[in-house]
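J.: Chains as they are written, first to last, in my numbering: chain A, 1 to 272; chain B, 1 to 314; chain C, 1 to 430.
Some hints here could point you the wrong way.
Anything over 12 Å on all C-beta distances counts as not near chain C; from chain A, calculated [to be verified]:
#, residue
1, I8
2, L15
3, L47
4, A65
5, P137
6, I140
7, P161
8, G168
9, D171
10, I182
11, L252
12, V254
No more than 27 Å apart at the CA atoms, straight line, and that leaves these computed lysine-lysine pairs for BS3-like [stated by the list, open to error]:
#, chain 1, residue 1, chain 2, residue 2
13, C, K171, C, K371
14, A, K66, C, K64
15, A, K66, C, K70
Rather than coming from a laboratory, the hints here were simulated on the basis of the structure. For glycine and all other residues, C-beta sits at the position ideal for the given N, C-alpha and C.
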Amino acid sequence: MLERRNPILTNIVLLGFLLLVITPFLWMVLGSLKTQGELLRVPPTWLPEEPTLGNFRRLFDRPFAKFFSNSAIVAIVVTAGNLLLSSMFGYALAHLRFPFKKLLFVLVLGCLMIPGLVTFIPQYVLVVNLGLADTLPALILPFLVQPFSVFLMRQFFLGLPRELLEAGRIDGVGEIAIFFRIYLPLAGPAFATLGILTFLGSWNNFLWPLVVSSSESTYTLPVALALISTGQNQTDYGLLLAGATLIVLPILVVFLFFQRYFIQGIAATGIK
Amino acid sequence: MSTSTTTAGTDGRPAAAGSRRRSRRGAAEARAGVLLALPFVLLFAVFTAWPVLQSMFMSFTDMRISDIRTPFAVDFVGLENYRTAFADPVFRRAALNTGVFVLLGVPLTITAGLAAALALNTGVGRLRAVYRVGFYSPVITSIVAVAVVWRFLLQPGTGLVNTVLGWVGIDGPHWLGDQRTALLSLVVMAVWRNFGTSMIIFLAGLQAVDPGLHEAAALDGAGRWRRFVSITLPSIRPTMLFVLVTTSIGYLQFFEEPFVMTNGGPLNATVSASMYTYNQFGFGNYGVAGAMAYLTFLVIGLVTLVQFRLMREK
Amino acid sequence: MSSFARPTRRTVTGLGAAAALGLLAACGRPDETESGPAAPAEPIAEGAATGSLTVWAMGAEGEKLPELLKGFQEQNPDVTVEVTPVPWDSAHDKFTSAIAAGTAPDVAQVGSTWMAEFVGLNALESTPEEVATDDYFPGALESVTVDGTVYGVPWYVETRVVYYRKDLAEKAGITEPPTDWEGLVALAQALQEKADAEWGISLQPGGTGSWQSVMPLIWSNGGNVVDEASTEFTFESGQNEEALAYYQSYFTDGLADPAPADGTTEQDFVSGRVPMFISGPWMMSAVESVGGEGFAGKYGVFTMPVKETSSSFLGGANLGVFQGTKNRDAAWKLVQYLSTPEVQVEWFGMSTDLPALQQGWEDETVASNEKFEVFRAQLDTALAPPVVATWEQVAASFDAQIEKVCKDDLAPADALAATQSEAQGIGTGA
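Just need the whole structure built from these sequences, with the hints factored in.
T.: Written out as structure tokens, the structure reads:
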């Protein structure tokens, strides 16, 4: 960060690497503009020969706005809930002494390691018994609490100096207020990271919404995408790639937005 | 139910019980801790811990899909399901594949992620945001699209990879159809898909590195590598531990890649423990599937424990 | 942090033991299990359907079904039908979860290999007498019959025939499609030697669903993999071995690619690289869309070559009414509506799903295409997959053995013996 390497050299290496990394991504976007015939051609073409928006048009024959808003509501609530709940718990685990702390941490971490598939059926039966089948809360509630988020926030708060806490106490700030007024405002970078990861996880979640939702009014984008692109015997590749491109766009926007907060960083918030 | 005991216990009471010799501040701290933990713990008990307990019970019974309406009217079979899992040659193969996948994939992913984060943290100028988004694009691309694109890229005769290899005179193999290269292809694909995640976590972690230390060390004549080893690495140790643990856990459960790309073939060369478990669920063998999942869990637990020990926190 | 290991072990074991002990007392299978033959179904009430119905259908069917049901709603103005399209990919998981939780729909499209499993779960209603079942293709009716009782009805059917490049076959000196096993080998050889084909025929070298390619050969040779009553597996037999050896010979003789690329069947067919494959009716529009104008004249289809018989695989989907439906009369009326020849023909027009009712084929629109006549002929002898509750799992282990036969030169007899022993371990779920 201090003495500059030759930025041109670094940039050349990075650009080459970048090209390698985004090739599949580019192929997806370009493919969404091709016809099924061209997509199936051997050898494959790179640039669409006769670019068409037909795939997107066919996509919008369906209630796409509904799927979109379902996905957005679920992802936003899940993300907000995760940020709040796991930063509270993560902070407590990192800096406070309270009963059963280690036990709780171990239990939560333990559940991070249990393959999600095992709990699938019991969770589903639970949601149905709570009368939540085919509702948006059923898509939200089980994901509000994720061991991964707690783990991340705990590690993050561990990295913040304990002196802040001591100073707050000396100034007579209440224990809970110390968290909300002193530590939480510093959590920007961690929130950006966790926010992106959680949003992404929720946005792309497939199996759970597929099973829990049983009408189009609660379908999310990935479910809708799987629905329209795979027949019993044939895949409509153009439609699939168009749908995948559209699903990615909002995430790109979210990522572009959040990464501004990255740049600010901890140093910029003045705690060092 | 034991979990709910825990929750109830956390709720206020122990503050009194534990306050033997603690100051009033200690009690206040404990109360705050409990209050901050409570919302998460309650939801967690209902939506995660309880289903986990149920599934654990399942793994010791002969439960099949036909028992699902009467989940307790099943026979307790002890460790029989675990024995079945161990005796299954495909499951053993799956365990081996998973091990290879983790041993190759985790170091590659972490190295790639850290290298990218370090590179972006030095002066790369205006393109920084472009790189960041570009390197992250595989993570945000839906697995459905990833599968389609990669299958095209890895096509034996006409795929992009073999076309490029052909330019330099190499006759590329049938990547996904050949037993020797199939798992390797999936490792590369997984690294491609996941290094962006570790990159952004490292980027956040690198913010915590004190630039003053670097400057001082540079003045003392420490080289770049030396500074990386003795300043950067120690500073990002919590981040490193986090990335290591979560990547390992994720890779030990690797599922999506073979599920969408190879379905475990050719000749079980890419079948993974999680995928095989999933198949057992699909067949309705809940008891055996539960046992397999908990075997995976045991391995994950051990690996995580070792990682925590090796990178012990103060 | 180092101390955190200790509570783990203690707690987790403690929790597990507590859970196990607490529940142990309550568990154990009830002694009485088998309920004997299914009781005859209640009759359906007279009059128009009323109330509301939920219907699940997969993929394209789910998308197009609401359009078809407009007619039903005209006939029964007091009924409201809500159709939920379900993606094929994970439809099975969705159904089993819904059955488990008691949230299954009233009526649904049911995959033909799921019937026995769902009946085993007590999820499907048996078919009442008012629903006629005598006009279905025999193989299709078999796929809805579990232990002698009919559950639901066949909805649409499909079967597999051989697609070949007529023009290239003529170039190779073969003008008549082959009719027996030797003839098919000869055609594949001729295409490879005289018509510049890289491979003579495209066959699936194992992997998911390859049993669907092998079963027709087994049936054609007079073999089968389950006994008459579907209670015992019979993988090990001379006929089965001969059929599997025949399948293997295509790979050992270099006529079929043992490691084909994914999803290139259409292109390879059009380019002539692999000018023959075995598949269902949906491939007609697929190859014609890749091949472009005039391609329809360049290829032909013929029925499966004869050994003892010409048997193909019968696929398609069924309609089932789920137990616990709150609107049983309307549900069966909907099934009745979809099972009339006119509606089946109308559905063919919308979806190109082939009618499961033989009468449906008398209509001009269905019978107009000569290629459809080949499918029609094949349907008479096509057989449904074994109706066994554990079939999906048995099939998966069969698929794995077929893969070894095609790629690893495993002897067919050994493969069948291994499948038999695995299948016996799995059981028929009866």
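J.: Does each hint hold? Answer for all of them.
T.: Going down the list of hints, with the structure as the test:
With a closest Cβ-Cβ approach of about 41 Å to chain C, A/I8 is found to remain outside the 12 Å limit, as its non-interface label requires. Every beta carbon of chain C lies more than 12 Å from that of A/L15, the smallest distance being close to 32 Å; the non-interface claim holds. Remark: the non-interface label on A/L47 is consistent with the geometry, its nearest Cβ contact in chain C lying 19 Å away (cut-off 12 Å). In this structure A/A65 is separated from chain C by more than 12 Å, as the shortest Cβ-Cβ distance comes to about 17 Å.
Distance check for A/P137 against chain C: the nearest CB is about 16 Å away, which clears 12 Å, and the non-interface claim stands. Non-interface call for A/I140 relative to chain C: holds, since the shortest CB-CB distance, roughly 18 Å, exceeds 12 Å. Residue-level check passed: A/P161 sits 19 Å from the nearest beta carbon of chain C, beyond 12 Å. Once the 12 Å rule is applied to beta carbons, A/G168 is consistent with being away from chain C; the minimum gap is 25 Å.
No beta-carbon of chain C is positioned within 12 Å of the beta-carbon of A/D171; the least distance is around 30 Å. Distance to chain C confirms A/I182 as a non-interface residue, since its nearest Cβ pair spans about 24 Å, more than 12 Å. Listed as a non-interface residue, A/L252 keeps its Cβ farther than 12 Å from every Cβ of chain C; the least gap is roughly 25 Å. Here A/V254 stays apart from chain C, with its beta-carbon at least about 25 Å from theirs, past the 12 Å limit.
A hinted pair counts as satisfied when its Cα atoms are at most 27 Å apart, and C/K171 with C/K371 qualifies at roughly 21 Å. For the hint pairing A/K66 with C/K64, the CA-to-CA distance comes to about 19 Å; that is within 27 Å, so the pair holds. A distance of roughly 23 Å separates the Cα atoms of A/K66 and C/K70; the hinted pair therefore holds under the 27 Å criterion.
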